[in-house]
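With chain A held as given, fit chain Z onto it using these hints.
Number of protein chains: 2
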Amino acid sequence: MELNKRQMDILAIVKENGPITGEQIAVRLNLVRATIRPDLAILTMAGYLDARPRVGYFYAGKKPTQSISDSMNAMKVGDFQSMPVVVSESLSVYDAICHMFLEDVGTLFVVDKSSFLTGVLSRKDLLRATIGNKETEKVPVHIIMTRMPNITYCTKQDTLLMASKLMIDKQIDSLPVIQDRGDGLEVVGRITKTNITAAFLSLADDHEL
Amino acid sequence: MELNKRQMDILAIVKENGPITGEQIAVRLNLVRATIRPDLAILTMAGYLDARPRVGYFYAGKKPTQSISDSMNAMKVGDFQSMPVVVSESLSVYDAICHMFLEDVGTLFVVDKSSFLTGVLSRKDLLRATIGNKETEKVPVHIIMTRMPNITYCTKQDTLLMASKLMIDKQIDSLPVIQDRGDGLEVVGRITKTNITAAFLSLADDHEL
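If you read the protein sequences in the order shown, they are chains A and Z. Residue numbers for the first sequence follow full-length UniProt numbering, so the first one is 1 and each next one is one higher. Residue numbers for the second sequence follow full-length UniProt numbering, so the first one is 1 and each next one is one higher.
Next up, chain A with everything else stripped away, as it sits in the complex (with noise of 0.2 Å):
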């Protein structure tokens, strides 16, 4: 249930000055007795507020719970992002697959000389490139990286279920997390299905299953 404007109000009022009568939260809100009743009905019931009698009202301490759209919208790629793996161009396969195990990522990002994004290279990537190669170390990443501009990203203020959607969408693992720099974009994160899952066991933490 989502509390209206004047039952944000009155928690408001009994929050700062409680405990206090219906009848003195009224007045502070320029309105009868009677038009309030039903509010502080509905707040007393779902646990906001206590009224205890000759006493008034008090705040109960539970907080406005969050409907779950508003949960999700509040989560954003920035909140859950994990640091990104970058390696440079002329890497050979061989190398970028090592440097994956040492890294103990499933994507690795390729920048240029000033650090902005120019490929991706994920596990399928590499596997597909030793399978039909065995000459991995002479091989430089550029030739079987994914290029811009066919890698999808995003920005740190993206909501996590934008970012999920674009994964589920082109069918890839993860996305770079970027900043645009007007001449490049620097990669400044990465978000994968594993930040996705640990937001899913989050979501329902702060819920308190």
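No lab work stands behind these hints: they were computed from the structure. Don't take every hint at face value.
Stated by the list, open to error - Far from chain Z, some chain A residues (derived; all Cβ distances over 12 Å):
id	residue
1	Asp50
2	Thr146
3	Met167
Unchecked claim - Covered stretches of chain Z, going by a simulated chain A footprint (3 or more residues, C-beta under 8 Å):
id	stretch
4	15 to 29
5	40 to 48
6	94 to 108
7	141 to 154
8	194 to 205
This structure is a prediction, so every number in the text was calculated from the model and none was measured. All residues carry an ideal CB built from backbone N, CA and C; glycine is no exception.
This is chain Z only, laid out in the frame that chain A set:
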């Protein structure tokens, strides 16, 4: 907000008999009108009931909103799982990689002659096997796979939350969904972080952001 027993009873009575006056509802519940007044106020303000002067209460069509915890606990592995892709223990690493690409999955499950689970192969396992070894046609997968009893699995009846927690805690990207046949574990599905990401999205859809 969760409705209490009496509010649910009132909702049922109005649904069946509306329009109905508060007095008539009270009679059916063997209560006096004053007792149920706050309940009627809360049901009306929360949008479950509509009240029309001199007519009475009628059902406004809104269903009790599920809490986020109820929604999440109702999400079972069986409702979100994907088809499993299985291979035999004697398959070569090379053929397993080809199979993984053909089926476009990130994990293969290895089964014995009775079709019972004996191992798991991730992209990471296969990539590791290729990087140290150029003769992947000659290495059978049972040499490199993760074996029982070191395999983490789940059942159709488990919650997605439980499966998510297992994947995060064990740092793995997918779980076999199994059915215990007494003398072995039959693989009946596959749950991945992609499934969890899709579930995260569906949670938003269900609640109409």
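Each hint, compared with the structure:
For A:Asp50, the shortest C-beta to C-beta distance to chain Z comes to about 14 Å, beyond the 12 Å cut-off, and the non-interface label holds. The Cβ of A:Thr146 lies farther than 12 Å from every Cβ of chain Z, with a closest approach of about 16 Å, so its non-interface assignment holds. A cut-off of 12 Å between C-beta atoms contradicts the statement that A:Met167 is not in contact with chain Z; the least separation is 6 Å. Counting residues of the stretch 15 to 29 of chain Z whose CB lies closer than 8 Å to any CB of chain A gives 0, which falls below the minimum of 3, so the coverage claim is violated.
With a cut-off of 8 Å between beta carbons, the stretch 40 to 48 of chain Z has 5 residues touching chain A; three or more are needed, and the interface restraint holds. Counting residues of the stretch 94 to 108 of chain Z whose CB lies closer than 8 Å to any CB of chain A gives 6, so the stated coverage by that chain holds, three being the minimum. A stretch counts as covered by a chain when three or more of its residues have a beta carbon under 8 Å from one of that chain; for the stretch 141 to 154 of chain Z and chain A the count is 0, and the coverage is violated. Evaluation of the coverage hint for the stretch 194 to 205 of chain Z: fulfilled, as 9 residues show C-beta separations to chain A shorter than 8 Å, against a requirement of three.
Consistency with the previously given hints fails for numbers 3, 4 and 7, ordered from lowest to highest.
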